[in-house]
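Student: Those protein sequence lines, which keep their order, are chains A and B. With my numbering, letter number 327 in the first sequence gets 327, and the count goes up by one each step, no holes. With my numbering, letter number 190 in the second sequence gets 190, and the count goes up by one each step, no holes.
It is worth saying that the hints were derived from the structure and are not from the lab. None of these values were measured; they are calculated from a predicted model. Backbone N, C-alpha and C fix where the C-beta goes; we use that ideal spot for every residue, glycine too. Mixed in with the good hints there might be a few duds.
If you want the ones that stay clear, here's a sample from chain A, every Cβ over 12 Å from chain B, calculated [claimed, not checked]:
#, residue
1, R36
2, S64
3, G107
4, P125
5, I213
6, G222
7, D244
8, A259
9, R295
10, I299
11, W330
12, V337
13, Y348
14, F384
Quick list of simulated restraints, FRET-style, between CB atoms [to be verified]:
#, chain 1, residue 1, chain 2, residue 2, range
15, B, F352, A, D126, 57 to 63 Å
16, B, S309, A, D246, 45 to 51 Å
17, A, D246, B, K347, 55 to 61 Å
18, B, N354, A, G50, 47 to 53 Å
19, B, D270, A, D126, 36 to 42 Å
Protein chains: 2
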Amino acid sequence: MVVGIDKAASAADSVVSSAKKTPTAIPSDSVINLARGDPTMYQPYWRRMGDKCTVVIPGHDLMSYFSDPGNLCWFLMPELDDAIRRLHRVVGNAVVDDDRYIIVGTGSTQLFQAVLFALSSPQNPDTEPLSVVAAAPFYSIKHGNMGMSSFSSHVVGQPLILHGLVPHLVSYPEETEFLCSGLYKWAGDAYSFDKDGAYVELVTSPNNPDGTIREAVANREGGKLIHDLAYYWPQYTPITSKADYDIMLFTFSKATGHAGSRIGWAIVKDKQVAAKMVKYIELSSIGVSKEAQLRAAKILEVIAEDCASSGPDKEENFFEHGHRLMSDRWEKLREVVKRNGVFSLPKYPRDFCNFKGKDTDSSPAFAWLKAKDGLNCDNLLREFKIITRGGPNFGVDSDYTRVSMLSLDEEFNLFLERLAEIKGAANRM
Amino acid sequence: MVVGIDKAASAADSVVSSAKKTPTAIPSDSVINLARGDPTMYQPYWRRMGDKCTVVIPGHDLMSYFSDPGNLCWFLMPELDDAIRRLHRVVGNAVVDDDRYIIVGTGSTQLFQAVLFALSSPQNPDTEPLSVVAAAPFYSIKHGNMGMSSFSSHVVGQPLILHGLVPHLVSYPEETEFLCSGLYKWAGDAYSFDKDGAYVELVTSPNNPDGTIREAVANREGGKLIHDLAYYWPQYTPITSKADYDIMLFTFSKATGHAGSRIGWAIVKDKQVAAKMVKYIELSSIGVSKEAQLRAAKILEVIAEDCASSGPDKEENFFEHGHRLMSDRWEKLREVVKRNGVFSLPKYPRDFCNFKGKDTDSSPAFAWLKAKDGLNCDNLLREFKIITRGGPNFGVDSDYTRVSMLSLDEEFNLFLERLAEIKGAANRM
């Protein structure tokens, strides 16, 4: 996932750290950080799986740079290629015919940059850098479009990460601009993009932060599309068709919750685009950790196997489990929101999910919470020790804020408790 | 290691693929690819270690983005930090006092780019991009300096990696130029650099390709240094002192042979530089695979423990083993070279190694072979089905070529056999 990997605002906010290996009881006065999208919710599921997904790596294994020298993506392990294709076939969320190229990356973050390189190189000194756009709301730093100079000075001119702080932003605009590349530049909201010539539009669907299903909006001549489908999995949204776009990005982090592995993959139709993406990854990191690839292959394979198996004694598979958890959380959240009357949430159309074989609701990975009467939603929640990411970070007003729905149970329940208490306080403001 | 990770020229050259898990007998007419630096030589050592370095990772482990939220390098696993510092203390090849920052990267390739970002940002629109230089011979693509435009068109305008080819070049100039950054630019040979203002000099010591011990050569006002110490380990060179430079890069690939893990680390004095490097890695890949970090920590810890232990029954530690192997290979190579009279090799000063406690010879990871009478060394070896990387790739004449000394035994022995046969053929040319 490219957007939405934004993390804690500060160490002070990180009293409840999901970096810990085992959940601990949370003191009731703790600050709860729901600004970041660390997908720790799935950890208990994987713990219950016992040894089924354990990988064992001897000291002499995985030593060479090469994984598959005959493959265009020479650093992709064949078992990961197989597991990715099998999982997409079982879930039905993307076309992975044999003529599609799978490119593995160090998270989809690296793949996003690989795509920008692929679509903008070789540099043509007679033309402008390639424009990169996305439809608002998308994850950004401040309102409106950002020119390179103002953006760069903002990003790199400030104290970046001081000791004791954890990072709080990784966003499309920042990832596009931070190297001041002459190949491409951030050009802001796709709705207002009106330049002639080549451009790239990022389409995140379901979208971060608001969970909506998206299509391209710029639709001008010379446009190319990158589809970030990090959340197009059955626990978050009905799978209505096999996605069949030119360039699709997925990530292990959001699919299964394994954010620490830094594994993403792209499904690419065009061979030259795929080859240039491979070149980017070669130049920026000479491939991708084989340990992480091996583990991702194992886990994706186990999920695919569980999903494909059937029978009366069949246990709940990962996506059924994830969807039940997410539906339950959304139901509880909607109930609290309805009762206290201070906030509202988006409504999502119910749709037939091909994977589940029935009509289902969306249960996005983030709640896009709106405060009534123009209240600053992020500030209001902070008074109750709930840290979220306010609307201005996404180019909209401060009555909106984004809340991660992927925290551990203890954190989520404490969040609901505090949200329920807000009514009176909001009336006093 | 930043340079020298260059790999096979083509699939046709890759008949002997070191990507295979177990060595197989090599047909005597096989092409031997010694152009790349895939360090497969160490694999039998690690196989003999049995379970001592095995890592076991359950499905629920290492899930969060965060490793150490309170640390400046929030994605660095504390056990890797500890293992790196311990190993350097035991080997005595670098100062790792507590006030030095350890930054982990997806190989030292990513760290090299992180340093460039750290030293050149924020962008100052009134000044030129930061100049990046290195003293020849360094790994490059063609003779002389490369301006951005000619370089870029060369790199990205050609068919990059066609299906069936494996990558053949990753180099300082290419890594510096491929994104056409406005922050920094490649400025060629440090010996001829004469511009005023800020610049960065890369110092690789021992050097790739020629194994020499290097110091900075530009020595102008406004210069900053990056020390690539990928080969500053006891198997390659006498450890004469603890390196104590501002920015030092090391890599798991060349230290222990685990190239597939993509783990490198930087030791950095200045906090702001370290913080910006962390920012770069956050923006380009949101950290580094935890599986790879965990495994590197385990293996480095085992080596350090072995090196620190003593006693009459003490087994040969990893560096003693590596040095014995490398010395043996160099001795055999020098013997063949001496006998056939067609080539010459550099001589390296013998020096006292603090780690081994005695005078030792250098045994670099690459042989910098020179053909006599102006013969094209690379071409000559190719006639004998030995693929190497010719001098022009390093900015020098074609009578030089670089030969990897880190291949599997079978490949190295076949290389020596063929080299011994060359005399007559060379006389006929």
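Student: So, for every hint listed, does it hold in this structure?
Tutor: Going down the list of hints, with the structure as the test:
With 12 Å as the threshold on Cβ separation, the claim that R36 of chain A sits away from chain B is violated: the shortest Cβ distance comes to roughly 8 Å. For S64 of chain A, the condition that its CB be more than 12 Å from all CB atoms of chain B is violated, with the nearest at approximately 5 Å. With a least CB separation of 5 Å from chain B, G107 of chain A falls inside the 12 Å interface cut-off, contrary to its annotation. For P125 of chain A, the requirement that its beta carbon stay farther than 12 Å from each beta carbon of chain B is not met, with the minimum near 6 Å.
The claim that I213 of chain A is not at the interface with chain B holds, since no C-beta of that chain comes within 12 Å of its own (minimum 25 Å). With 12 Å as the threshold on Cβ separation, the claim that G222 of chain A sits away from chain B holds: the shortest Cβ distance comes to roughly 19 Å. Every CB of chain B lies more than 12 Å from the CB of D244 of chain A, the least distance being 22 Å, so the non-interface label holds. Not every CB of chain B is more than 12 Å from the CB of A259 of chain A (nearest about 5 Å), against its label as outside the interface.
At roughly 5 Å from the closest C-beta of chain B, the C-beta of R295 of chain A falls inside 12 Å, breaking its exclusion from the interface. Here I299 of chain A does not stay apart from chain B, with its beta-carbon only about 6 Å from theirs, under the 12 Å limit. Its beta-carbon lying about 22 Å from the closest one in chain B, W330 of chain A satisfies the requirement of being farther than 12 Å from that chain. Distance to chain B confirms V337 of chain A as a non-interface residue, since its nearest Cβ pair spans about 28 Å, more than 12 Å.
At the 12 Å boundary, the C-beta of Y348 of chain A stays outside the reach of chain B, the nearest C-beta of that chain being 27 Å off. With a cut of 12 Å on Cβ distances, F384 of chain A stays outside the contact zone with chain B, its closest approach being about 22 Å. For the hinted restraint 57 to 63 Å between F352 of chain B and D126 of chain A, the CB-CB distance of approximately 59 Å keeps it satisfied. Hint check: S309 of chain B to D246 of chain A, Cβ distance near 57 Å, so the stated range 45 to 51 Å is violated.
Judged by the Cβ atoms, the range 55 to 61 Å given for D246 of chain A and K347 of chain B holds: they are separated by roughly 56 Å. Checked against the hint of 47 to 53 Å, the C-beta distance between N354 of chain B and G50 of chain A comes to roughly 48 Å, which is consistent with it. At roughly 40 Å, the beta-carbon separation of D270 of chain B and D126 of chain A lies within the given 36 to 42 Å, and the hint holds.
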